[in-house]
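Protein sequences, first through last, are from chains A and B.
Per the numbering used here, the very first residue in the first sequence carries number -18; after that it's consecutive.
Per the numbering used here, the very first residue in the second sequence carries number 59; after that it's consecutive.
Some hints here could point you the wrong way.
Pairwise CB distance ranges (calculated) [unchecked claim]:
#, chain 1, residue 1, chain 2, residue 2, range
1, B, 309, A, 124, 22 to 32 Å
2, B, 309, A, 195, 57 to 67 Å
3, A, 113, B, 141, 31 to 41 Å
4, A, 125, B, 297, 44 to 54 Å
5, A, -1, B, 65, 51 to 61 Å
6, A, 52, B, 157, 29 to 39 Å
7, B, 152, A, 47, 22 to 32 Å
8, A, 124, B, 152, 28 to 38 Å
9, A, 52, B, 156, 25 to 35 Å
10, A, 54, B, 65, 36 to 46 Å
11, B, 156, A, 44, 13 to 23 Å
Selected chain B positions facing chain A (Cβ under 10 Å, derived; list incomplete) [claimed, not checked]:
#, residue
12, 217
13, 221
14, 223
15, 224
16, 226
17, 228
18, 231
19, 236
20, 237
21, 240
Derived list of chain A stretches under chain B, where covered just means 3 residues or more per stretch with a C-beta under 8 Å from a C-beta of chain B [as the list claims (entries may be wrong)]:
#, segment
22, 64 to 75
23, 81 to 91
24, 134 to 144
What the hints contain is simulated information worked out from the structure, not anything from laboratory work.
Nothing here was measured: the structure is a model prediction, and the numbers come from that model.
Built from N, CA and C at the ideal position, the CB exists for glycine as well.
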Amino acid sequence: MSAAPAIAAGRALLSAQGLTIARGGRCLIADLDLELEPGSLLAISGPSGCGKSSLLRTLAGLERPQRGTVRGLRSGLIATAFQDPGLPLALTARQAIACGGLHRQRWWRGWWTLPAADLQAAELWAERLGIAHLLERPLATASGGERQRVAVARALLHGGPVLLLDEPVSQLDATNAARVIAVLRAASAAGRAVAIVVHQRECAALADRELRLSGEGGWTIGAP
Amino acid sequence: MDDRRPLIRRLDAVDWSFLIFLALVALALPGIRGSSRDLDYAGNAWRFLERCLPPDLTVLPEVGVALLETARIAVVATAFAALLSLPLGIAAARSLAPRWVAWPARLFLNGVRSVPALVWAVLAVAIVGPNALAGCLALTAYSIGYLAKFAAESIDSADPWPAQALRALDANAVQAFRWGLWPQLRAQLMSHGLWMLEYNLRSAAIVGYVGAGGIGLLLHSYQEYGDWQRFSSVLLVILLLVTALDALGQRLRRAWTGTSAADP
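Bound-form chain B, shown alone:
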């Protein structure tokens, strides 16, 4: 059917959102300026690349040890955050928690998420000193904000009827959650956890810059001494690790979505 409404009245919420985004880009772009000096950007980049290549692979044993510490930080932080985020996610879910619980919980999670991982790391280093524990605490705090928000969103978008049908059969709230909602959430929450683990592996490298242990510490010291070939070998190892984890993650997600109900 021919829509004769004027163009402006034919725009839906998605169109308007996109237009607002375009307006924001137009407003932001003029504010992005480089140095006022006349620098040879391409030449600088090329010279930097020359200093980085080839990577110095003699440091691999040292990098391996630091990488292991990074992986430990990321795994433990993700595990703690996943455990803590489930009750927080339930508290923040509008479909489960009463308004007076959901709003403060959401406000708390917004607060946690508004602090970048690096700032959490600075705080943690100030409290427990420059070590792996600081990295672990920082990434746990950072991850809770995200995982709990994801959990709350998953709960809110899950079909509530299976749980309500169980309530109608006199199951209590915990049982209705376990057998009505959890089977819908399980694979999603695992997927979020895996995403967070990938993220934390990359972040663990960054928080090391401020002394919170792991491979970042090594990265920082090579940068400080201008040891760019060793620096690039660390980057190479991180790239390999993230790529391997990404491939593994895809396989796992495929397995989870095809999971039977043997263990819901």
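The shape of chain A in the complex, shown without the other chains:
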């Protein structure tokens, strides 16, 4: 069983240097330098199609950039939740959230059932994110916003010190969006580096820094 990597204060957990991302022959982001430090909350914003999700996937090591490098990638470091949460709808929310802890198990364990500790921990995250009522229900019966929070809970249970979340509050009402942002703020206060793609200005305003993408290669980073 491998523990989650230790968080070294002050040093970037993940950094991108000279990152250039292009899609369909169009340069979306050019020469981006970015550092995700422990205890930080970064909001990534910009118009639709400007490369926010592509940037997140590139930072997670799921897509290759046209140029540049992402440093610090290693197993157990990054926990992700994407716009399409990728949840098997036959699972209960408890099971889906507990899947976040699979990386701590040996490959042959967890075939019949998920580890009891993770199933228990799922309850904690579900309560914090307001989806405790879903725990024993199949996800097929959950709404889009509820599934989104299940995916966030799964990423939180993963325990990786870097959290990359693609529009985690896009389908939520104001109350639940605030609840999710509060949980993410708490995660960053506990030393995690959190990066979230957001559309709502009020969510971006709660971050420490905001990376604004123009969609034509340009970007600015600064206070939200």
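Keeping the supplied structure of chain A fixed, place chain B upon it in accordance with the hints.
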């Protein structure tokens, strides 16, 4: 909107496939001929039916014993085939296995499927003799071809994203399969297994004709002696069995599709 393209350009792949099928029917039909003798088909059928009716139900105890053997053959063959077909199905799935594994696996499964159950039975009888084991081996071999193909198709048509999302969370390939793909496949694979069991129950009756045990053996001996009333009682029992299994299958499938995630 008014589509002014000529008819031939408006046809899609389904239309073309149907037209090709119609052309094949037109080509095949003239080749289907009966005996050149002038036979009274309807009269023959009626006389045969008269010889079969009423079914001789005194043979029911004997039929029951043979039916039990048939059911054993079908159940064991389906179980073995289901076990073996899962790894083979994974190997043949283009979305999971590398091309150099998937292609040989698919070729192997095509080969297995191209051999009819009756030919597998003849081979099995030649190897292990005329008994229930031969029937079991024949139907296992036959069923693997189908179940593994169905499994591969199910895997290929399942949404890969849940498994990929788990891989992005550092789950290994086995864990991603178990918790990302398996919940999508489980009910489908069970349904395929049930279909195969129904099929094997009917096939077990046929493979008995060549000595591979079960009710087919009885059917064959009644036919050999022209004992048509007993023959028809065996057919009646098979009909009842298949109908009962079909009804049970429908109930089970309904239960499976409505299954909660308690045991994904």
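Non-conforming hints, listed in increasing numerical order:
10
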